[in-house]
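These are the residues of each chain, in order.
There are 2 protein chains.
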Amino acid sequence: MYLAANSTTILESLRALMTIANIGGLIVPSGDAHYTEFIAECHERRAFISGFTGSAGTAIVTQTEALLWTDGRYYLQAEQQLDPALWTLMKDGLAGVPSQSQWLKDNIPAGESVGVDPTLYSKAQWDNMQRELQSVGKSLVPTENNLVDEVWSTDRPPCASDPVIELGIEFAGIRTEEKLKNVRKEMADNGAAALIVAELDEVAWLLNLRGSDIPFSATFFAYVLVTETNFHVFINQIQLSSNITDTLRANVPEIQFHEYTDITRQLNETVHSSADSKIWFNQNTNYALINLIPADRQIMKLTPIALMKAIKNPTEVDGYRKALIRDAAALCEFFAWLEPEISSGAVVTEISAAQKLVSFRSQRENFFNESFPAISAAGPNGAVIHYMPTPETDRRINPNDMYLLDSGALYKDGTTDITRTVHFGVPTEHQKDCYTRVLKGQIALTRAIFPNRMVGSRLDSFARQFLWEAGLDYAHGTGHGVGSFLNVHEGPFSLGSGHSSLDPGFRENFFTSNEPGYYEDGEFGIRLENLIRVKNVSLDHNFQNRGFLGFEDLTFVPYEHKLINFSLITTDEASFIFLSFIHRYNKRLGWNDAAYDWLFKATVPLNQNGPIQDPTSTTPSDLTSTSPSETPSSSNTEGSSSETPSSSTTSKANEQRTNLMLPMIPVVIFKALKLV
Amino acid sequence: MYLAANSTTILESLRALMTIANIGGLIVPSGDAHYTEFIAECHERRAFISGFTGSAGTAIVTQTEALLWTDGRYYLQAEQQLDPALWTLMKDGLAGVPSQSQWLKDNIPAGESVGVDPTLYSKAQWDNMQRELQSVGKSLVPTENNLVDEVWSTDRPPCASDPVIELGIEFAGIRTEEKLKNVRKEMADNGAAALIVAELDEVAWLLNLRGSDIPFSATFFAYVLVTETNFHVFINQIQLSSNITDTLRANVPEIQFHEYTDITRQLNETVHSSADSKIWFNQNTNYALINLIPADRQIMKLTPIALMKAIKNPTEVDGYRKALIRDAAALCEFFAWLEPEISSGAVVTEISAAQKLVSFRSQRENFFNESFPAISAAGPNGAVIHYMPTPETDRRINPNDMYLLDSGALYKDGTTDITRTVHFGVPTEHQKDCYTRVLKGQIALTRAIFPNRMVGSRLDSFARQFLWEAGLDYAHGTGHGVGSFLNVHEGPFSLGSGHSSLDPGFRENFFTSNEPGYYEDGEFGIRLENLIRVKNVSLDHNFQNRGFLGFEDLTFVPYEHKLINFSLITTDEASFIFLSFIHRYNKRLGWNDAAYDWLFKATVPLNQNGPIQDPTSTTPSDLTSTSPSETPSSSNTEGSSSETPSSSTTSKANEQRTNLMLPMIPVVIFKALKLV
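Taken in order, these protein sequences are the chains called D and Y.
Numbering of the first sequence is given in full-length UniProt numbering, commencing with residue 1 and proceeding in unit increments.
Numbering of the second sequence is given in full-length UniProt numbering, commencing with residue 1 and proceeding in unit increments.
For the record, the hints were derived by calculation from the structure and aren't laboratory data.
We put the beta carbon where it would ideally sit given N, CA and C, even for glycine.
It cannot be assumed that every hint is accurate.
[What the hints assert, rightly or not] Residues of chain D placed beyond 12 Å of chain Y at every Cβ, according to the derived structure: (1) Glu12; (2) Gly93; (3) Gly96; (4) Ile108; (5) Ala110; (6) Asp127; (7) Ala160; (8) His272; (9) Asp460.
[Said to hold, decoys possible] Label pairs and their in silico Cβ distance ranges: (10) Gln283/D x Pro98/Y: 50 to 60 Å; (11) Pro294/D x Asn291/Y: 31 to 41 Å; (12) Asp127/Y x Thr8/D: 21 to 31 Å; (13) Gln544/D x Glu79/Y: 16 to 26 Å; (14) Asn545/Y x Pro373/D: 29 to 39 Å.
Generate the whole structure from the sequences, applying the supplied hints.
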């Protein structure tokens, strides 16, 4: 992060430029031109002028004032980082704090305009702000250049320009020319003569290229403009090797490479090449581009790529399975290292633990980078949902702390995101109760069966039901899509309490996280996050031929047995917890010995009374085999397109009749698998 | 229903009037000026001109054509009733069938207008149609009078004008002056100087009056206009007794009674009495009224009455409990009569059964009317979700038919709506499986615990989950609000798959139906419908002080044991089914002996293996008492504002450990209760 070296000077320079530009106020958003989640340092303009480095916030500067709006997550950090002599903190969400538009309406002198870099505002943002300002006789105007960039010269970090890399067909699964054909078919079906692709992950997916322009992302700055006959790529040309351009030209003869900034010129040309053809873009495309298109020729909705990219192809599904198994091995190695470290009294902090985890992950095949900054949170820090340890907050992991670790990696064959919560001492009954309710909710969601195209808001309650029964809940969504060696947060579907008209509903081979939690301010935080694949299921009936879906659990890191209150766990749930780890044992993962022993201990067979302490002493009569109908489909690693789920209705009823249902896998299998 | 005696003459007369009115097309909707669900015969204008008597449909007449749009429920009926020489049936929802607006755009000659009675079109309908027509240079115009009424003279049934009745405070619970105070407070909080109350149930609720102008409804035609200082009531004055007007004048001194049609004049006066005051109305208010209000002075959203009316007051809650117990007694008497009738080979048809049911209900205290036409459906007719038997479809109830009966009554102390599905012979395993999944879903929803203000679309899946597991579902919502001696279908909340921005979320003392189902075309239909009350629950925790809610089941008609597959039923569910009927036995209901015996047989104690065939022989050791924590709150009839629900998490876990959990009420209690 680049902190404001001299905010006074910066503001003076900015205000001089504002006078020249004839604007009474300047809006400085925190995003870049592509609405990316993580921001490259060279685009941290709001941080540069204000000194506030939180991920969310907007600055507004006038000739006499400088204000920064941010939300509740960042009140404290903003107070510490802003110079109160220069900056006013506007706490978004607090009663009495005006919105940005309200403040501008009240404080910009009549007749004056407010400026913003139109590449940093979406059409929706622009329209809303413009309507507000015009309702009081003021107006929003686009600035010619970005005024912050003009005062940010000597100490501005360079924007990344490392070469992009080709993602081989063995990872991408479908070639660009094939994807392009599908995109053009959708364009034709929707009456669009051109499509602007402005989301960086959509560009990367379409081109089967990856980059590293942005932290924790395998994307690079580029636009694509697709027409029926042309395929324009706008990118900093020095990032393209001749190998890549040659390959693309060979397969997509009409491809044309342009400099990144040429998008404006080319889009203008496309607009003027026809009087009435429609141009398709999505709701996050910046106003600088959309403003070039006459209103009656705009088609603003999700691009066809959003859904194509979310539905993983067979190669991607297969890669994901492998990446998640490697990732689980790294996690197991990490916990096998961490547990004795803590027990022995060694000093391990949130940051040092996260660094150690990266060292395990980075040794794994196809590792590229972390997929986001790890949330390594001990004790009360776990209750801060968006916590990221900094040197100031870095806490030693104590044996009596709950420890929440939410982390992930970008592998060439898949993006991972997993959360586990552990305890190295003796948890309280309350902590166990909370953990168990979170776990039960996660299992209930994974076991849900539902009609094709169901939206996530209608499944989300399955994950919360056991918390609700105790008067508990969590103030975040239950899951998010995950890109394939792309963004760790991906649309277009959602899995939470909210309703979105853009949500296409669940489809086969969507990947989503499943991450219920519970947080107690100042005390502890619990979150359990697995990645699950949407799968077709074959049932006795098929209502209205809609097709039915379920989930395949693909995250194979054990839960913390000592945090489970087994009196709340049903037989089916115990079976689920246990069986979901079985198939790891026949993988040649190259576990280190410590990790293998740790894993073996962490996944002892369960019954409804909890772990069976010494599985080797369990008599064969206790160890009945799994009947076929009770095999959870999550143990299926073949990715068949239609799978028979366990009938939980039936097994829920059965579970009352059986005294000892689990373990269902004879211990001899454990022994045998260890030899593999 | 009044069928068109001579559609040719009617159309000729209408077309002559259209020429005089200078309109090229006339839209004849099926509704009245208040968007009521059931339509008085004197308002069945669309049926009068077309002959089609289905509940949904819109006619459009031009000089050369006459068309009727209706949906899939009514294709067959419309084909039978429309004269094909005069009318064209437009099957809404079929591919290639243009919408009404599209047809008008394509077929009305350029420059001509389309007319509609503006009292029969809501603002939203008007705006949509106007926008469509204007986009092609045509326009929608209000007709001066209703043209159909002008040709419908000699044989038009008179509109009901029976006296309205006062609903005593012992039923209403809150006096009009108190309700009015609360309404004015909401008006002030929302900056509204006036409020138009156009929904008939809102008018009736506010005035504590009831009427019988509309079939199956206790409402009467009236408007109310509330201002800070005035309270205008618009009604056919002959329906008001001097007793009623005197009482209202005594309690609300500012009240003014006007003729029904004076609303236009008074609203105009109110609008012109101020230049900028806001006027509040809801989205269903007709365009004739809204058109009088300048756009910048309109507040269009749910009236404050919608929510006040949905939250039943303690008197209404108490009345509801009593009404539902009386209603259950009538249902039990009916089934106790029906079962031996069918067994003995007597001919009982759908219509005769429904008539018999009315005879039982009408003997009960406070009975006013049916709350809707009973859906009495035997065999394959049960699969027609909106079935209503007619002489043409009336089917004998055979011992081998499933029989679905969805019926309800308006009592002065509550409105009922209940569905049971029974079988008098030997159901198939498939039928039992389906019935059991419907039942399990109904129980799961009733047992759900959830945060205050949760919307129904996030609970609906609980009711469907067991059907989904088998690939089944139902194509209707799961529940609807119910008025207190008012409409059987009431808002403003919903409980289904849909999302509505108007939904305020569940609040304590909402009443909703809980009615999952399953339908197999040409074979059978299953629906189980109970009325449940939203109750506050007191839990160990209270996340974000939101408060938590659950449901109290208030429908006490037994389920059909022979349709339950007990191998799918958990112990908790068996407990729920059994316990939900216990407290009826200490009510002095005046059951007839046959009904009591039938009820006793239909509610034998259950365990997870099904009914215990001879409960009197059950040994005491099998009959453990209910522990307090396992008592479902539905057995609480005191209506305390906060109740402790059974912790189903705990009991779900417990149920694995116990071999015989139920019956939990000693048989001696049955014996004792019979003596009460």
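The hints, checked one at a time:
no. : hint                            : verdict
1   : Glu12                           : holds, 44 Å
2   : Gly93                           : holds, 14 Å
3   : Gly96                           : holds, 18 Å
4   : Ile108                          : holds, 24 Å
5   : Ala110                          : holds, 22 Å
6   : Asp127                          : holds, 20 Å
7   : Ala160                          : holds, 41 Å
8   : His272                          : holds, 26 Å
9   : Asp460                          : violated, 7 Å
10  : Gln283/D x Pro98/Y: 50 to 60 Å  : violated, 30 Å
11  : Pro294/D x Asn291/Y: 31 to 41 Å : holds, 33 Å
12  : Asp127/Y x Thr8/D: 21 to 31 Å   : violated, 54 Å
13  : Gln544/D x Glu79/Y: 16 to 26 Å  : holds, 24 Å
14  : Asn545/Y x Pro373/D: 29 to 39 Å : holds, 32 Å
Taken one by one, the earlier hints fail for this structure at numbers 9, 10, 12, listed in ascending order.
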